[in-house]
Amino acid sequence: MNALLTSAVAGLTAGGTYALLGVCAVFTYRLVAVVNFTGAAIGTAGTFVLIALFEAGFPIWPSVLAGIAAGTATGVAIGYIMTRWFGEASASTKAAVTVALLVGLIAVGLRLTGGQHPHNMPDLFPGSAFRLAGVEVTIASVLTIGLAVLFTILSNLFLNRTKVGLNLRALADRPMAAELLGVRVQLLSLLVWGMTGAFTTFALMIIAPQRSPNFMTLSLLVVPALAAALIGVFRSFWWTLAGGIALGIVEGLASSIDSVSQYRSAIPFLVVLAVLLWSQREARWDEAR
Amino acid sequence: MSRLVVSNLSIDRAELPVVTSVDLVAKSGAISVVLGANGAGKTTLLEGLSGIIPVAAGSIAIDGRELQKARPGARSREGLAHVEQGRTVFRQLTTEENLHVSLHPGADIAEAYALFPELVQRRTVKASLLSGGEQQMLVIARALLTRPKVLLIDEMSAGLAPVIVTRLMTAVRKLANDGLAVVLVEQFAALALSIGNRAYVMRRGRVVYDGDCAKLRQSQDELHRLYLGGAETSVPA
Chain C
40 MNALLTSAVA
50 GLTAGGTYAL
60 LGVCAVFTYR
70 LVAVVNFTGA
80 AIGTAGTFVL
90 IALFEAGFPI
100 WPSVLAGIAA
110 GTATGVAIGY
120 IMTRWFGEAS
130 ASTKAAVTVA
140 LLVGLIAVGL
150 RLTGGQHPHN
160 MPDLFPGSAF
170 RLAGVEVTIA
180 SVLTIGLAVL
190 FTILSNLFLN
200 RTKVGLNLRA
210 LADRPMAAEL
220 LGVRVQLLSL
230 LVWGMTGAFT
240 TFALMIIAPQ
250 RSPNFMTLSL
260 LVVPALAAAL
270 IGVFRSFWWT
280 LAGGIALGIV
290 EGLASSIDSV
300 SQYRSAIPFL
310 VVLAVLLWSQ
320 REARWDEAR
Chain F
808 MSRLVVSNLS
818 IDRAELPVVT
828 SVDLVAKSGA
838 ISVVLGANGA
848 GKTTLLEGLS
858 GIIPVAAGSI
868 AIDGRELQKA
878 RPGARSREGL
888 AHVEQGRTVF
898 RQLTTEENLH
908 VSLHPGADIA
918 EAYALFPELV
928 QRRTVKASLL
938 SGGEQQMLVI
948 ARALLTRPKV
958 LLIDEMSAGL
968 APVIVTRLMT
978 AVRKLANDGL
988 AVVLVEQFAA
998 LALSIGNRAY
1008 VMRRGRVVYD
1018 GDCAKLRQSQ
1028 DELHRLYLGG
1038 AETSVPA
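As they're listed, the protein sequences go chains C and F.
Counting with our numbering, you get residues 40 to 328 for the letters of the first sequence.
Counting with our numbering, you get residues 808 to 1044 for the letters of the second sequence.
To be clear, the hints were calculated from the coordinates, so they are not data collected in a lab.
Incorrect hints may have been included.
Cβ-to-Cβ under 8 angstroms is the rule here; a few derived chain C residues that face chain F [said to hold, decoys possible]:
1. E94
2. I99
3. R150
4. R200
5. T201
6. L205
7. A209
8. D212
9. R213
10. M215
11. A216
12. A217
13. L219
14. L220
15. G221
16. V224
If you want the ones that stay clear, here's a sample from chain C, every Cβ over 12 angstroms from chain F, calculated [unchecked claim]:
17. S46
18. Y119
19. P161
20. L163
21. R170
22. G185
23. A211
24. Q225
25. S298
26. Q301
27. L309
Using C-beta positions, here's what the derived DEER-type ranges look like [stated by the list, open to error]:
28. F:A864 to C:G143: 34 to 44 angstroms
29. C:G143 to F:S935: 33 to 43 angstroms
30. C:L104 to F:P912: 43 to 53 angstroms
31. F:Q994 to C:F197: 38 to 48 angstroms
Built from N, CA and C at the ideal position, the CB exists for glycine as well.
With the hints as constraints, model all of the structure from the sequences given.
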């Protein structure tokens, strides 16, 4: 029983990261209408700037800031491509473009970072925060979940209580109508891409020491992130948050059961499949009526 | 006195000419009515003016400032407001939130409610739940709060009951009387001509009539000929 609890708690760090990446995916989808497959790759680019600076002997916290700045800049660059050339494209076209960009980012990232070559990723927050039922809960777990909760709360407050948030909601609904009213559509879109770039970079910096820190592995964290976003139906920040944490816990539990541990990376795919099948089932029901 | 001057404007869609060599003037305090059959190029003309689609040739100027290369947002900030056809409310926002999106620092939401008191009791209702007439009032009021010099309105009567259309026409006339330059694209020709000052009739992307609304209103036969073709064009040289 204690082993199961330990495994579940061990999954919290990953769960917090999935939740934060998922909330960022929902944020991007709700505000600029893009299902963004590059979310984790953007954060990975920033994380590898941190790794490169750290390995070159630079002090850690200035390197973290430089990494977050690089992640933000990568997000803005992807956002510029999406708003400049695909602003009026359909949702499926935009999603396809981000898949193509993900492939390109991974190819360039692997080339620049030496492929599978091992890297020295600094553990930003080592150690235990507290004990829960006899199990150590790491600072990284608390921080990723805290960051995900903070981003969720801030997103809700920002969207519902500020003029910029109101303009972003209008932009998400009808981009052209918003632009015709003088809303600075491109600027706001780039703001969304930059914000999500900064948050995902920081989340990936926290989780990277626990993963194989190569560009592809980290970039593909977008899969559990989108699974979490699907649980929130790409609408609800809180359901996405809960879904991301639950995914991490289930993955942690699966790793403690020998017969299923080798398949644990398939869990996000199963969740995506289940949610999509569930939504199709509802569609059929509607049709039958 | 604000003034929109459109000179020799041509607009293509999918590389096909849809609007060709159009000249149009909209003056402060007046309504310029643009009429024509379906497919004449009226909506394309307005979309080219507001920057939704690029223009192929010609110029668009408000008070002498050329705008044909500016993005839609920049044209809006220069005083050009476009009420698109299809009642483009922000569906997930309430009536009041819709108005706040467009609120210019020098404008007051009370102006919108003064123009359309019907919206006051619907201020907290999601725009998607408003009636068609209320939605049309909302998009006109929303455009008004950008503090425009020129207001382009596309097919505001589409799908609405005649009593609502009359109500909207009265409001648009009031906006012009208050000093706005209005360009009104409309299917209900008789009603539009009754509130307009200057009329433009388009056929196959060209202006085939440019003259007084009153004169055209008195000659239904000429209006029919202009719509359907076979008439000499009545555009002053």
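Tested hints:
Contact between E94 of chain C and chain F, as hinted, is not supported at the beta carbon level, the nearest pair being about 44 angstroms apart and thus beyond 8 angstroms. Checking I99 of chain C against chain F: minimum C-beta separation of about 42 angstroms lies over 8 angstroms; hint violated. Look at R150 of chain C: its Cβ only gets to about 36 angstroms from chain F, farther than 8 angstroms, so that hint breaks. Hint status for R200 of chain C relative to chain F: violated, with the closest Cβ pair at about 12 angstroms, above 8 angstroms.
At a threshold of 8 angstroms, the smallest CB-CB gap from T201 of chain C to chain F is about 11 angstroms, leaving the interface hint violated. Checking L205 of chain C against chain F by beta carbon gives a least distance of about 6 angstroms; that is within 8 angstroms, so the hint holds. Against a cut-off of 8 angstroms between C-beta atoms, the interface hint on A209 of chain C holds, since the closest Cβ of chain F lies about 4 angstroms away. Look at D212 of chain C: its Cβ gets to within about 4 angstroms of chain F, closer than 8 angstroms, so that hint holds up.
Interface restraint check: R213 of chain C against chain F, minimum CB-CB distance 5 angstroms, threshold 8 angstroms, status holds. At its closest, the beta carbon of M215 of chain C sits 6 angstroms from a beta carbon of chain F; the interface hint therefore holds under the 8 angstroms criterion. Checking A216 of chain C against chain F: minimum C-beta separation of about 4 angstroms stays under 8 angstroms; hint holds. The interface hint given for A217 of chain C is met, as the beta carbon of that residue sits about 7 angstroms from the closest beta carbon of chain F, less than 8 angstroms.
Hint status for L219 of chain C relative to chain F: holds, with the closest Cβ pair at about 5 angstroms, below 8 angstroms. For the restraint placing L220 of chain C at the interface with chain F, the shortest Cβ-Cβ distance is roughly 4 angstroms, inside the 8 angstroms limit, so the hint holds. The interface hint given for G221 of chain C is met, as the beta carbon of that residue sits about 4 angstroms from the closest beta carbon of chain F, less than 8 angstroms. For V224 of chain C, the interface hint holds, since its Cβ comes within 8 angstroms of a Cβ in chain F; the closest pair sits about 6 angstroms apart.
Non-interface call for S46 of chain C relative to chain F: holds, since the shortest CB-CB distance, roughly 41 angstroms, exceeds 12 angstroms. Y119 of chain C, annotated as away from the interface, keeps every beta carbon of chain F farther than 12 angstroms; the closest lies near 15 angstroms. Every beta carbon of chain F lies more than 12 angstroms from that of P161 of chain C, the smallest distance being close to 43 angstroms; the non-interface claim holds. With a minimum CB-CB distance of about 38 angstroms to chain F, L163 of chain C clears the 12 angstroms threshold, and the non-interface call stands.
Annotated as non-interface, R170 of chain C keeps its C-beta farther than 12 angstroms from every C-beta of chain F; the closest such distance is 45 angstroms. Under the 12 angstroms C-beta cut-off, the non-interface status given to G185 of chain C relative to chain F holds; the minimum distance is some 29 angstroms. The beta carbon of A211 of chain C is not kept farther than 12 angstroms from every beta carbon of chain F, the shortest such distance being approximately 8 angstroms. For Q225 of chain C, the condition that its CB be more than 12 angstroms from all CB atoms of chain F is violated, with the nearest at approximately 8 angstroms.
Consistency note on S298 of chain C: stated as away from chain F, and its beta-carbon is indeed over 12 angstroms from all of that chain's, at 46 angstroms minimum. Here Q301 of chain C stays apart from chain F, with its beta-carbon at least about 44 angstroms from theirs, past the 12 angstroms limit. Once the 12 angstroms rule is applied to beta carbons, L309 of chain C is consistent with being away from chain F; the minimum gap is 32 angstroms. Between A864 of chain F and G143 of chain C the CB atoms are about 38 angstroms apart, so this pair conforms to the stated range of 34 to 44 angstroms.
At roughly 38 angstroms, the beta-carbon separation of G143 of chain C and S935 of chain F lies within the given 33 to 43 angstroms, and the hint holds. Range check, L104 of chain C to P912 of chain F: Cβ separation about 35 angstroms, and the 43 to 53 angstroms hint is violated. Checked against the given bound of 38 to 48 angstroms, the beta carbons of Q994 of chain F and F197 of chain C, roughly 42 angstroms apart, stay inside it.
Hint check: violations occur at hints 1, 2, 3, 4, 5, 23, 24 and 30; the rest are consistent with the structure.
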